[in-house]
Amino acid sequence: MASKVSRAVHLVCSATVALAVLLLLGAGYGPVPALGKALVPGGGVWASASADTTVRSENLTLPDLDKPVKVSFTAEGYASVEAQTDHDLFLAQGYLTARLRFTQLDLQRRLGQGRLSELVGAAGLKSDKFELSLGLLRTARARWAATPPSSGAGQALTAYASGVNSWMSHLEKTGQWPTIYGLTGVRPRAWTPTDTLVVQGVLTQQMNFNTIPLDYDLLQRSLGPKLTKDWFPLQAPTPQRPYDTGPYPNLPPAPLTVHNANAADPAGTSASSARHTVSPTPAGEDVALPDTVRQLDFNSNAWAANGPRVAGGGAMLAGDPHLQTTLPSYWFQISLRSPGYQVAGGSIPGVPGVLVGHNEHISWSLTNAQTVATLYYREKLSSGRPDSYYWNGAWRPMRKAHYTIPVRGGSTVGLTTDLTVHGPMMTVLGQRVSVDWMGDFAHNDLDALLSANRAHDFTSFREALRGWKAPALNFVYADDKGHIGTLLVGDVPQTPKGSQPWLPLSGTGDEDVIGTTPYQALPHVYDPPSHLVASTNQRPAGSDYPYFLGTSMNFDPGYRQSVIEKFHTDRGALRPEDYTALQNDVTDELAVRLVPALLAALDGTELTGQQRAARGLLATWNHSMDANSPAASVWWTFLDSYLHEVFQPWWDAKKVPASKDRWILDLDRLPTPLREMLQHWTLDDPDNAAFTPPNAAHRDAGQVMRTAFRAAVAELSHKLGARPSAWAWAKLHTRQIPSITGAPGLGYGPYADGGNPWTVNAAGGRLNSSYGPSFRLVVRWTGPGASESLAIYPGGQSDTPATPWYDNLVPLWREKKYLPLPPPHGRADPTAIWSLRAGE
Amino acid sequence: MTAETAVESPDRTARGTADAAQRRAGRLRLPAPALVAAGAVTVGLGAWADQWYLPFAVGLAAGVLTGRHRPGRLRTAALLVLLGPVPWGALLVVRALSGDTITATARTTAGLAGLPASATVTIALTLLVALLQSASGSWFGRALLRCFAWDK
Numbered sequence: 001m002a003s004k005v006s007r008a009v010h011l012v013c014s015a016t017v018a019l020a021v022l023l024l025l026g027a028g029y030g031p032v033p034a035l036g037k038a039l040v041p042g043g044g045v046w047a048s049a050s051a052d053t054t055v056r057s058e059n060l061t062l063p064d065l066d067k068p069v070k071v072s073f074t075a076e077g078y079a080s081v082e083a084q085t086d087h088d089l090f091l092a093q094g095y096l097t098a099r100l101r102f103t104q105l106d107l108q109r110r111l112g113q114g115r116l117s118e119l120v121g122a123a124g125l126k127s128d129k130f131e132l133s134l135g136l137l138r139t140a141r142a143r144w145a146a147t148p149p150s151s152g153a154g155q156a157l158t159a160y161a162s163g164v165n166s167w168m169s170h171l172e173k174t175g176q177w178p179t180i181y182g183l184t185g186v187r188p189r190a191w192t193p194t195d196t197l198v199v200q201g202v203l204t205q206q207m208n209f210n211t212i213p214l215d216y217d218l219l220q221r222s223l224g225p226k227l228t229k230d231w232f233p234l235q236a237p238t239p240q241r242p243y244d245t246g247p248y249p250n251l252p253p254a255p256l257t258v259h260n261a262n263a264a265d266p267a268g269t270s271a272s273s274a275r276h277t278v279s280p281t282p283a284g285e286d287v288a289l290p291d292t293v294r295q296l297d298f299n300s301n302a303w304a305a306n307g308p309r310v311a312g313g314g315a316m317l318a319g320d321p322h323l324q325t326t327l328p329s330y331w332f333q334i335s336l337r338s339p340g341y342q343v344a345g346g347s348i349p350g351v352p353g354v355l356v357g358h359n360e361h362i363s364w365s366l367t368n369a370q371t372v373a374t375l376y377y378r379e380k381l382s383s384g385r386p387d388s389y390y391w392n393g394a395w396r397p398m399r400k401a402h403y404t405i406p407v408r409g410g411s412t413v414g415l416t417t418d419l420t421v422h423g424p425m426m427t428v429l430g431q432r433v434s435v436d437w438m439g440d441f442a443h444n445d446l447d448a449l450l451s452a453n454r455a456h457d458f459t460s461f462r463e464a465l466r467g468w469k470a471p472a473l474n475f476v477y478a479d480d481k482g483h484i485g486t487l488l489v490g491d492v493p494q495t496p497k498g499s500q501p502w503l504p505l506s507g508t509g510d511e512d513v514i515g516t517t518p519y520q521a522l523p524h525v526y527d528p529p530s531h532l533v534a535s536t537n538q539r540p541a542g543s544d545y546p547y548f549l550g551t552s553m554n555f556d557p558g559y560r561q562s563v564i565e566k567f568h569t570d571r572g573a574l575r576p577e578d579y580t581a582l583q584n585d586v587t588d589e590l591a592v593r594l595v596p597a598l599l600a601a602l603d604g605t606e607l608t609g610q611q612r613a614a615r616g617l618l619a620t621w622n623h624s625m626d627a628n629s630p631a632a633s634v635w636w637t638f639l640d641s642y643l644h645e646v647f648q649p650w651w652d653a654k655k656v657p658a659s660k661d662r663w664i665l666d667l668d669r670l671p672t673p674l675r676e677m678l679q680h681w682t683l684d685d686p687d688n689a690a691f692t693p694p695n696a697a698h699r700d701a702g703q704v705m706r707t708a709f710r711a712a713v714a715e716l717s718h719k720l721g722a723r724p725s726a727w728a729w730a731k732l733h734t735r736q737i738p739s740i741t742g743a744p745g746l747g748y749g750p751y752a753d754g755g756n757p758w759t760v761n762a763a764g765g766r767l768n769s770s771y772g773p774s775f776r777l778v779v780r781w782t783g784p785g786a787s788e789s790l791a792i793y794p795g796g797q798s799d800t801p802a803t804p805w806y807d808n809l810v811p812l813w814r815e816k817k818y819l820p821l822p823p824p825h826g827r828a829d830p831t832a833i834w835s836l837r838a839g840e
Numbered sequence: 001m002t003a004e005t006a007v008e009s010p011d012r013t014a015r016g017t018a019d020a021a022q023r024r025a026g027r028l029r030l031p032a033p034a035l036v037a038a039g040a041v042t043v044g045l046g047a048w049a050d051q052w053y054l055p056f057a058v059g060l061a062a063g064v065l066t067g068r069h070r071p072g073r074l075r076t077a078a079l080l081v082l083l084g085p086v087p088w089g090a091l092l093v094v095r096a097l098s099g100d101t102i103t104a105t106a107r108t109t110a111g112l113a114g115l116p117a118s119a120t121v122t123i124a125l126t127l128l129v130a131l132l133q134s135a136s137g138s139w140f141g142r143a144l145l146r147c148f149a150w151d152k
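Protein chains in written order, with UniProt numbering: chain A, 1 to 840; chain B, 1 to 152.
Please keep in mind that the hints were generated in silico from the structure rather than gathered at the bench. You may find that some hints are simply not true.
Pulled a few chain B residues facing chain A out of the computed Cβ check, cut under 7 Å [what the hints assert, rightly or not]:
(1) Ala-117
(2) Thr-120
(3) Thr-126
(4) Trp-139
(5) Phe-140
FRET-style restraints, in silico, Cβ to Cβ [stated by the list, open to error]:
(6) A:Pro-149 x B:Ser-118: 25 to 35 Å
(7) A:Lys-126 x B:Ala-96: 45 to 55 Å
(8) A:His-698 x B:Ser-118: 29 to 39 Å
For glycine and all other residues, C-beta sits at the position ideal for the given N, C-alpha and C.
Full structure from sequences and hints, please.
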């Protein structure tokens, strides 16, 4: 009997274990994928191991091609496409990008569409909820619906999608899906033109979606209106360096020409057309732009010179847009040649055309304009009228957008977004507001970009970009006839006089956007007498510019601008190698301005031997944040200490909610407006009340600087040892190039390096930086249709870690080396060629 | 004169003889090597064909076959390794030798899974999955045999 019971128990136990094992390995559990399917050596993740990831010469057939196409590669992976029709050009561009960057394409569109959770599980939910609320997908669909199929953009989008899907067909046939799909068991959908527009939206939101009005509101509620106005002024008191110094036309705002794809239609929002309402939408959880796509530090550079400033005359341009440095990179180098296009430079994977680069006659780069682009409205709501809001004299029903979010390893999550005439209702930084974001409008920016790719002079370039709306950008230009220019393009919304768009606005209708800055009134300059144009995210126009552009929280203080201008002044006619040197310069202009004041404050003060040594380092320093510079460490630590010494007592006394928005309100990030104010007070107002903490004895700038200096030396001594000469900046400061998947071990670094957030070779963020020069370009025009161009970026052309082209360009970028850009109208020296022809 | 001898029933006598023989003889032989090889090849070919569950199925069969003879823990463990991790591991080796980027793929997989980005981690996990299947299959097979075949 006992034996029978024992056997029965064994049977039940073993059966249970067997079932559990089979279920776990066959279906997975929660975030753990089905490991049996994922790890079986003949499939799963191993399927990608047999993919031939080395690019070699091949003959390939693609459906939908009209005529043969040639794709060639240099040894480092720079790609060139030569096609006989524009349709084939973009089809080949889609195929090429998909073949080398498929995982990146899919991840970017999932991010924008709110479908990350489908792949990565519950970890993607926060991001998905944000994106579906903000509405990148709704906007992309509206943009595609408004794009005529026969238009340049329509044809390019369709052809590009066809190219991507050609590669996807190959993956389906062979089963050689990239590793992430083998691991998760998820299979991507076919690529559509809407997906390209979603990817475009992702970059747009990264560059110009911000919470500045809500941050101002938090500051007003804590610091109070006066201190907020004094410390975060609309116009910084320090000298700004606009590239357009006026005079400025004063024209009526241009009307909005398309509607917000994420807003309720004003014409349809009358009480009589109220839709059946469901139970009141709950307040909603706080949503925030995921840190993975948030541009935390704006520090792009673009400049151009001509005439006597360029060796041999002509014009020369340099551009290095700053984004998060990732593997793979945001950029994909390409040269495109067809009857309608001859263009080379950096493209955005997922988007046809070239975003920064040159064609046969003109070159361009860009910086983020950082003008106001996100407005917030406090809607008038009533508990007795759920799902309604008051606007223009009547209660209106909110339009509802419903979504279901599939979650790998979990239950599907439902999401409902309420839309008002201003935009989606979202809870941001703890406030329930509707969001009016310029990226939500159904414009045809791609058409503008493709037109710019075909422009041949400044007039046609400027006209082409009239249709570019979001994000607002500063384009810097140089051409083969020796002309240079800079222009701001994009929608800069204007609200009625008397309204304060840097704060949340009233949603009742009297503070709605009345239009945008007219295109002809946007800042621009052409062939200035100085023979130099430069944009470094600074305020582009002077204080008398008649349109609202933003506040001191929007713009760069101009430190990089100063360095670039001084570089041109101090040297004679420049060559490309001078520009590559300048792109890698790490001079800290703020240090140039403040270190003398610090040294003066320390004069006559009793210092310890260690403090004297540290002071001595500063006194002989060239203000360059070099990796081997101990003075750089002293300066940085002092500045951090100085800013905290001044503002931390106020932050504590006024209970500024720094945790609500770490990226703007946290003193550890040395917020730009506070740095500017500190510079201004130190040099021009050393007795400012800010130096005296609340309810404390009077202090002035000198006293605070001495305190901060002593604290800095003590901190460095504790961290790096007793000898100031050994406090190399590299011991504190590193750079890192993380994988876009977030997987540690698939990135590059961290490694010790120089620079800081406001040097020309910027290292955004704190002491471990993953923001910086994501692409570097130099183009020198030597005559009509003749140029030499160089480019490099920290990454590689492939997103597959197993390939040599995953990160092969990083060492070159680190060593400040550049590669020639394959010319759009000729051939580089290829090491591999794909010959594409029509067929299945 | 005839001596009286206590005579047991034939069944009890036979069983007792067999048990005694087992105890005297100690470990019995494993199933024939050919069977083991066949099992391993089945698992290997099944893995090639993307059939991830075969280590369990073959382990179950092995459990049934060895349940009666009880080969001992060490030999059982060896058997389970031969029927699970060995064919899976061998397939990975064959693929690596034929040029597939097994090590790099393993490293990428570990990184994507949030584990240390080391090829060893993924390969070890792969072999562990196979072993888990063969072991659980074997245990279940033995339990089945003991439950149903024993009662006959």
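Going through the hints against the structure:
1. Residue-level restraint check for B:Ala-117 holds (minimum Cβ-Cβ distance to chain A is 2 Å; threshold 7 Å).
2. The interface hint given for B:Thr-120 is violated, since its Cβ lies 12 Å from the closest Cβ of chain A, which is over the 7 Å cut-off.
3. Because the beta carbon of B:Thr-126 sits about 4 Å from the nearest beta carbon in chain A, less than 7 Å, this interface hint is met.
4. Given the 7 Å rule on beta carbons, the hint for B:Trp-139 holds: about 4 Å separates it from the nearest Cβ of chain A.
5. Look at B:Phe-140: its Cβ gets to within about 4 Å of chain A, closer than 7 Å, so that hint holds up.
6. Remark: the range hint 25 to 35 Å for A:Pro-149 to B:Ser-118 is contradicted by a beta-carbon distance near 50 Å.
7. Checking the proposed 45 to 55 Å range against A:Lys-126 and B:Ala-96 shows it is violated: the Cβ atoms sit about 39 Å from each other.
8. At about 60 Å, the beta-carbon gap between A:His-698 and B:Ser-118 misses the expected band of 29 to 39 Å.
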